[in-house]
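K.L.:
Sequence:
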Amino acid sequence: LALGGQVTTNSSACTTGTEAVVDAFHAIRSGQCARMMAGGAEGSSHYTWSGFDAMKVLNSRSNDAPENASRPMSASAAGFIPGSGAGIVMLESLDSAQARGARIYAEVIGGHVNSGGQRDGGSMTAPNPEGVVRCIRTAMAMAGIKSHQIDAINGHLTATFADPYELENWRRALDVEAAALPPINATKSMIGHALGAAGGLECVAAVLQLHHGFLHGSRNCEDLHPKVEPFRGSVVQQTRPFDGHILAKSSFGFGDVNGCVLFRTFQP
Numbered sequence: 001l002a003l004g005g006q007v008t009t010n011s012s013a014c015t016t017g018t019e020a021v022v023d024a025f026h027a028i029r030s031g032q033c034a035r036m037m038a039g040g041a042e043g044s045s046h047y048t049w050s051g052f053d054a055m056k057v058l059n060s061r062s063n064d065a066p067e068n069a070s071r072p073m074s075a076s077a078a079g080f081i082p083g084s085g086a087g088i089v090m091l092e093s094l095d096s097a098q099a100r101g102a103r104i105y106a107e108v109i110g111g112h113v114n115s116g117g118q119r120d121g122g123s124m125t126a127p128n129p130e131g132v133v134r135c136i137r138t139a140m141a142m143a144g145i146k147s148h149q150i151d152a153i154n155g156h157l158t159a160t161f162a163d164p165y166e167l168e169n170w171r172r173a174l175d176v177e178a179a180a181l182p183p184i185n186a187t188k189s190m191i192g193h194a195l196g197a198a199g200g201l202e203c204v205a206a207v208l209q210l211h212h213g214f215l216h217g218s219r220n221c222e223d224l225h226p227k228v229e230p231f232r233g234s235v236v237q238q239t240r241p242f243d244g245h246i247l248a249k250s251s252f253g254f255g256d257v258n259g260c261v262l263f264r265t266f267q268p
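The opening residue of the sequence shown carries number 1 in our numbering; numbering runs sequentially from there.
Note that these hints are calculated values from the structure, not bench results. Treat the hints loosely; a few may be bogus.
[As the list claims (entries may be wrong)] Simulated DEER-style distance windows between Cβ atoms:
id : residue 1 : residue 2 : range
1  : W49       : G117      : 25 to 31 Å
2  : H211      : Q6        : 25 to 31 Å
3  : G213      : W49       : 18 to 24 Å
4  : V176      : G43       : 26 to 32 Å
Glycine included, every Cβ here is placed at the ideal spot set by N, Cα and C.
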């Protein structure tokens, strides 16, 4: 590739891939690099997943029907499903992309990462709501947009107890009623939770949805959790056309680390 820029490996739990994209965005925006590849990758092994199994956060209730196992936002969610893979995006300045005749799928207009400090409700396994709200609002401020301009959200949504709180944190960050939350979907319902790769994979999913004009459905959440029920109108259960312009991708990792990146359709 001969990119000739910065080479960095980051490790921020389930926020890793999204954090990498945000870091690359800042490096390019500040003029340190013209182009960078960023995202996340994760293998799958017993060494990785046995710890999560010991924590009782994996779903073993659907072994006979694994396609139904990953159930973000569902009342019958019983933990996340192991995933693996890689998701990488090429980020570059507009001048660089146009000079090489690149196909431009979308543009990054803002992003932020932070930590909730494992206080005020935050812990090693749960986010501090104030940290989440601050992360989202800082990303919006950096992009120079208001909450009503976010047209859709690709959530973290892991099929754990945290899902209802994630939607509530988004509601608070955007300062809207539950019924007014933008459409939100859960990629992990289809591919499981790929840990450090999750953010990268979901950034790719976000960009493709913007570029091709659709929102993918979220599987296995017909029976919404009671605390998610007020958001029913926002939960994308069936794949549908999408003509919006700004899609927010969020990631929230163990250790109370948060990431949010904002993608916009490219308009020459």
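K.L.:
Broken hints, numbered, in rising order?
P.N.:
3 and 4
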